[in-house]
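All chains, full assembly: derive it from the sequences and hints.
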Amino acid sequence: GDSVTQMEGPVTLSEEAFLTINCTYTATGYPSLFWYVQYPGEGLQLLLKATKADDKGSNKGFEATYRKETTSFHLEKGSVQVSDSAVYFCVMDSNYQLIWGAGTKLIIKP
Amino acid sequence: DARVTQTPRDKVTEMGQEVTMRCQPILGHNTVFWYRQTMMQGLELLAYFRNRAPLDDSGMPKDRFSAEMPDATLATLKIQPSEPRDSAVYFCASAVAAGEGVSEAFFGQGTRLTVV
Numbered sequence: 001g002d003s004v005t006q007m008e009g010p011v012t013l014s015e016e017a018f019l020t021i022n023c024t025y026t027a028t029g030y031p032s033l034f035w036y037v038q039y040p041g042e043g044l045q046l047l048l049k050a051t052k053a054d055d056k057g058s059n060k061g062f063e064a065t066y067r068k069e070t071t072s073f074h075l076e077k078g079s080v081q082v083s084d085s086a087v088y089f090c091v092m093d094s095n096y097q098l099i100w101g102a103g104t105k106l107i108i109k110p
Numbered sequence: 111d112a113r114v115t116q117t118p119r120d121k122v123t124e125m126g127q128e129v130t131m132r133c134q135p136i137l138g139h140n141t142v143f144w145y146r147q148t149m150m151q152g153l154e155l156l157a158y159f160r161n162r163a164p165l166d167d168s169g170m171p172k173d174r175f176s177a178e179m180p181d182a183t184l185a186t187l188k189i190q191p192s193e194p195r196d197s198a199v200y201f202c203a204s205a206v207a208a209g210e211g212v213s214e215a216f217f218g219q220g221t222r223l224t225v226v
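Chains as they are written, first to last, in this note's numbering: chain Z, 1 to 110; chain S, 111 to 226.
Keep in mind the hints are simulated off the structure, nothing from the lab.
Quantities reported herein were computed from a predicted structural model and do not represent experimental measurements.
Errors might be hidden in some of the hints.
As the list claims (entries may be wrong) - In silico EDC-like pairs for lysine to aspartate or glutamate, Cα to Cα no more than 16 Å straight-line: (1) Z:Lys105 / Z:Asp84; (2) Z:Lys49 / S:Glu210; (3) Z:Lys68 / Z:Glu8; (4) Z:Lys52 / S:Glu210; (5) Z:Lys52 / S:Glu214.
In structure tokens:
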């Protein structure tokens, strides 16, 4: 069945380091892909999205490119800040349902 | 500023009591999701509705949980009787489902339930 797999956390980085959180998906069609973020003590909010192959979603310095050939949607940021500490979820729209990855906790140390 | 509103924000109740959580989706959104989040299980889908009709509630313990949408402005999640293992944060989210799939899902702030 359709599924999303993302790298396990926690991921711990120093401020200004480069970030990659891997996400791969299994789907029968060409789903829309999302990254959601959950800051400590808060609800979830959309970080970025891509609706078709080769689309690049971007927001707040984060980017992710929809790669059909590798069925991936890796999240990247060139220089992380302490305020980026949160849990990041890779999500896929599968037949009008949202399929969620397990979440990756990101810890940024000053 | 459109947002999903959940009430109550926090609820502490005794085991065996009935708990009702409410959600007001964003006006015009035709899809509503209920999720439960715990440290051990992470984020779990309990149920979701399209145009007020339940499409999938397979993630919900049927014997004690029930979810309804009495009208387009209100979704409810009820637990009767509640148990300590139900302690979690319950999130409601709403979205638009159209020809190209589901749009961005907007989440409420959640209801933190503690059953003692």
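Structure-based check of each hint:
no.: 1; hint: Z:Lys105 / Z:Asp84; result: 10 Å, holds
no.: 2; hint: Z:Lys49 / S:Glu210; result: 14 Å, holds
no.: 3; hint: Z:Lys68 / Z:Glu8; result: 22 Å, violated
no.: 4; hint: Z:Lys52 / S:Glu210; result: 11 Å, holds
no.: 5; hint: Z:Lys52 / S:Glu214; result: 15 Å, holds
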